[in-house]
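Residue numbers (this note's numbering), protein chains in the order written: chain A, 1 to 320; chain B, 321 to 571.
Source of the hints: derived by calculation from the structure; they are not laboratory data. Wrong hints could be hidden among the right ones.
The list that follows gives simulated cross-link-like pairs (lysine to aspartate or glutamate, EDC-like), each with its CA atoms no further than 16 angstroms apart [what the hints assert, rightly or not]:
#, chain 1, residue 1, chain 2, residue 2
1, B, K361, B, E408
2, B, K426, B, D449
3, B, K361, B, E381
4, B, K446, B, E408
5, B, K361, A, E223
6, B, K446, A, D212
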Amino acid sequence: MRYLARRFLHAAMLLAATTVVTFLFTTLAPGNYFDEMRLNPQISPETLTALKARYDLDKPLPVRYLVWVKSLAHGEMGYSFAYNSPVLPLVAVRARNTLLLTITATLLAWLIALPLGVWSAEYAGRWLDHVITGTSAILLVIPDIALALGFLLIAVQTRWFPAGGMASVGAESLPFANRLWDLAQHMFLPATILVLIAQPILVRHIRAAVADVLGEGFIRAAEAHGIPRSRLLWRYALPAAANPLISLFGFSIGALLSGSLLVEVVTSWPGLGPFLLEAILARDLYVVIGGVLLSTVFLVAGNFIADVALFWADPRIRTE
Amino acid sequence: MSVRALDQVSFVVQPGTRIAIVGASGSGKSTLAACLACLEKPSSGSICFQGRNLEFLSESELQNIRPQVQLVFQDPAMAFNPIFTVLEILEEPWILQTKLNSEERKERAAELLGRVGLPRRILDRKSADLSGGQRQRLAIARALALEPKILILDEALSALDYSVQAQIANLLLDLADPSIPLAARPAVLFITHDLVMAARITDEIIVMQSGRIVESGPMREVMRNPAHMATRALIAGASGVSSSHEKRPAV
């Protein structure tokens, strides 16, 4: 349990550090939301000063940070200048959409990568391995943005699946099953892009980990024991190769999360990506900080889940 | 450059016999063991099991043969899945090949452990928690779990101390107890470079050198009148070792 407590403490410290760094960088960046207003002749300098005072922008940085921490404790996460509303309810809806997409894409990516990586290791040097590693290499060199735009083009040209958004017009009045189907159709494009972005890394790591284990003496011993090859792969080799893969799972959540921000913008998925971009362009300080903080929370949570899974899977960690 | 690991090796293993395969390092003993256990395919020649040439069998047919020819490796630490408990290690083949329920499998595993002198309480432990001697006995128990027709021990006692070697030797002698029906008695191929232990456990001997059988026959006869230089060298080495070391415990 000390291991888990230590990991939890690390996660909490990482989050605290993220808030400080994000706050510092976002605040120290030149310009703010009200600088844009200065160009508007209808808004007087006095009004601007009053607005800055209202949002505590006239106070020193440490004070502003403490005020923001206080508002975080009150469940507000600061105040959006553009939406004139607390940040948390605004980002929570977008974060939910991002989570939905990222979790779906992560699960799909692993479901596809696991058999591909295992088969690639089992048939190392044969044509199936060449096809899998070759395809992975091609996907690895294609920039994420090119892949996203390519699939968007296909969606627009073929109309096989919706090219943007999260739901069709009037979908909210549909029965639950139809709504779910509509959501699945809309998710197809961004999820496919994210899965393809994640595949090369996952397949290569799984292949390497399983290939290592397949060379172990206990696999040979089990083979001599008459254990069928498929069982050797899935019941022996894969669980024995699990440790680095569990760590990779935590990492893949983070990678897909950061990848999803770009994909969301390209495919108009109403998640944190477009919302953060909009906030950055508008210099909506607390929305940017809130969005980054929530992304970090997901990333840290993903790694913490991986740590817990590792703790459960590896007795050596439990006895540490 | 290709190396011929085995050349013109030919012998017959009858049910219930105990044969020592001895030779210096690099003489091809372990390659022979891997071929007999269907883990390696010979590039030429044939291995027949119960009249069937293994060369012409499909992978699924070989899958059925493998449990009947069990190989115990030299290094028991490497032979077990590190994430399996002792029970999981022993019950794997029963899950696949029998309809025993979990309780029955557990009972049978405990019985098997008792046969190799291991306590029931280790069933829930991982192999890494066992000593070297316990692991090797577990390896033999796992091999016996399948009631094999041939049990091959590839330098299986080499890394063990003398007292554990003696325990396992006794176990192997028990397997050859004449009160056990011949059909239930596995043939034992004892691959070793330890002639002293081989002479205690086995009735026949095959001496190998550079991938070839250079001498074979009944153990006593070969030990008394070795015909080949390699056999004489092994006997000389063994007597040197036994005279320079403390006396081994009686088997």
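Do the hints match the structure? See the list:
Taking the CA atoms of B/K361 and B/E408, the gap is about 29 angstroms. The hint is violated against a cut of 16 angstroms. Between B/K426 and B/D449 the CA atoms are separated by roughly 19 angstroms; this puts the pair beyond 16 angstroms, and the hint is violated. Straight-line distance between C-alpha atoms of B/K361 and B/E381 comes to about 14 angstroms, which keeps the hinted pair within the 16 angstroms bound. Proximity of B/K446 to B/E408 is assessed by CA-CA distance (about 9 angstroms); at most 16 angstroms being required, the pair is judged to hold.
In summary, the hint linking B/K361 to A/E223 is supported, as the alpha carbons are separated by about 14 angstroms, within the 16 angstroms threshold. A distance of roughly 21 angstroms separates the Cα atoms of B/K446 and A/D212; the hinted pair therefore is violated under the 16 angstroms criterion.
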